[in-house]
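K.L.:
The lines below spell out each chain.
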Amino acid sequence: MSPVDAATLQILETQLRELTMLHSRLVHARAGLIPRHSQWWRGTARGAYDSAVDAVEGTADAGIAALRSAMMRTGQAVSTLASRG
Amino acid sequence: MAEELVVTGPSGSSVVTDELLENAYLLDKLADEAAAIGAELNATDRLISMYGLDVANAPANAARAELDIDQAQIVMVQLELAARGVSFGLKAAADGYSFVEQLISVWGREAAGGVGGLIGSILPSLVMATLPAAAGAAAGIATAGAANPAGRDRLFAGAGREASRMLTSTAASTMIRHAVSSADNAILAALRVPAPAARALGDVVPGTGLSLAARSAVGAGALAGVLRETPVMLADTESRAIDAGPTTIAERLNRIPSSAEVHGAQVVIEKYSAPFQPDRFAVYVAGSATAAAETGTEPWDLASNVHNAIGVGSGSYESVVQAMKEAGVTSDSVVQLTGYSQGAAVAALIASSGEYNVHSLASFGGPIGQMNLPAEVPAVIVEHRDDIIPALGGYQSNHHAVIVEREAFAGRDVPTDRPLPAHQLDEYLETARLMDSSREARLTSAIEQLNSFSGGWTSVTATTYRFERTAESAASPSR
Chain A
1 MSPVDAATLQ ILETQLRELT MLHSRLVHAR AGLIPRHSQW WRGTARGAYD SAVDAVEGTA
61 DAGIAALRSA MMRTGQAVST LASRG
Chain B
1 MAEELVVTGP SGSSVVTDEL LENAYLLDKL ADEAAAIGAE LNATDRLISM YGLDVANAPA
61 NAARAELDID QAQIVMVQLE LAARGVSFGL KAAADGYSFV EQLISVWGRE AAGGVGGLIG
121 SILPSLVMAT LPAAAGAAAG IATAGAANPA GRDRLFAGAG REASRMLTST AASTMIRHAV
181 SSADNAILAA LRVPAPAARA LGDVVPGTGL SLAARSAVGA GALAGVLRET PVMLADTESR
241 AIDAGPTTIA ERLNRIPSSA EVHGAQVVIE KYSAPFQPDR FAVYVAGSAT AAAETGTEPW
301 DLASNVHNAI GVGSGSYESV VQAMKEAGVT SDSVVQLTGY SQGAAVAALI ASSGEYNVHS
361 LASFGGPIGQ MNLPAEVPAV IVEHRDDIIP ALGGYQSNHH AVIVEREAFA GRDVPTDRPL
421 PAHQLDEYLE TARLMDSSRE ARLTSAIEQL NSFSGGWTSV TATTYRFERT AESAASPSR
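Same order as they appear, the protein sequences are chains A and B. By the numbering used here, the letter at position 30 of the first sequence is numbered 30, and the numbering carries on one by one without gaps. By the numbering used here, the letter at position 94 of the second sequence is numbered 94, and the numbering carries on one by one without gaps.
Quick caveat, the hints were computed from the structure, so don't treat them as lab data. Everything numeric in this text was worked out from a predicted model, so none of it was measured. Among these hints, one or two may not hold up.
In the SDA-like style, the derived pairs of lysine to any residue whose C-alpha atoms are separated by at most 25 Å in a straight line are [stated by the list, open to error]: (1) K29/B - N42/B; (2) K29/B - M21/A; (3) K29/B - R17/A; (4) K29/B - A7/A.
Model the full assembly from the supplied sequences, consistent with the hints where possible.
P.N.:
Right, here's the structure in full:
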């Protein structure tokens, strides 16, 4: 493996570890920190509240998806570089 | 819900359900986490640039991953903003809810004044109409009771259980608050005082409703030979060193003595000392020891309850004043007052007397709504919405205080094995524990204010005091 590939591989492996850790944190936050739909609210207020909670949930899901994609592609790049031998 | 606290305070008011606050707290934490993840993604993004990947001839997926990381950073900013927005909305909604509730309460008070006047105007004829029936029923019960004491006891026990259930409700408490607050209208209307003059009197003499009702009760009591005031004397006292001041509301409430115990103290005074500092004093005052109308040796009785509603000078008030003098409290000493039930009323009277340098006050289940606490004294007032004892104080007029309310038996069966279960100390202890675990900003700030009294003082001595009434009659308290 060329010195340039070795250095790039090292960087991408570090990136993969970081992304894995951040993905795990975001999944954990999504599971524990987003309120459920509430019985407290009534009528229009209930609709508005539930929509707001859904929007937060959807945004967190988009973040998780972006991180998962970054992890997957970084992992593929690591495999490709490692296979260059 | 029985675990729901309603907090109102001087800078507006907010209804705090555990659900609302907990959700806002979670969303704030989510926003913090999104911001932190975004910052770390930014650092990860800088490990290598698109240009660097190109120069290194890195695989195409590495460049696509870079774009994903950029996208994730943008989403983290969106997530932080969305979570903070919803959290802010929850807190604003809580304030709005409380505003509406206060508006309804004000309307209720206006209506109560009118109803009071109406009842007063028909009171004389109402009494004349119902007196024979009431007298007949009482005579019947007395005669049957004399013939069959066990049956009489069962009758009263059954009635007591039913009364306990009926009185432990927000509806009963609200009716009593209305009745007490509009008692002046009723009494003045019964005396044929024109409505505009009655309103003017209420406007210039705050707390007139409760005071007039109590004066009427004392007047009626004097005719019947009950509710009589007497001088008091110190019967027993005991001192011991303790570690420190209370740091939680539950601990504070637990330091109030129980006057109902045999030879139980009614007052505890903790003296806080430190080098080169004047001593300061925390005064804890017990609730009623007896509900008997006849005056005996116990100053924490019904007579004191009624006289406290009129003003200073009751047996319990004079006892606490004597205890403070014994402890070395002067008009310059910094004093903190904590009271439960009748003790809360005494604490409020002492704070409003202007005779002491009061640092702060905590009241639990006290009938103090119409006792005007000085605006400069920070106060925490805890009341159960289904407890009629605070309702007997009328509508809460101390809007500068932090007022914590809870319906103790919401969604629960009301126990019938003890009188007025929502007024019991163990229920107030549960409320205290909920207060300690609350994250409501005004509440946490008020608790810190109370705790600041005893923070950093090196030596604490707690002295208990037990007082008794003396036999001779007191001169009329000066008011």
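K.L.:
Identify every previously stated hint that the structure contradicts and give their numbers, smallest first.
P.N.:
4
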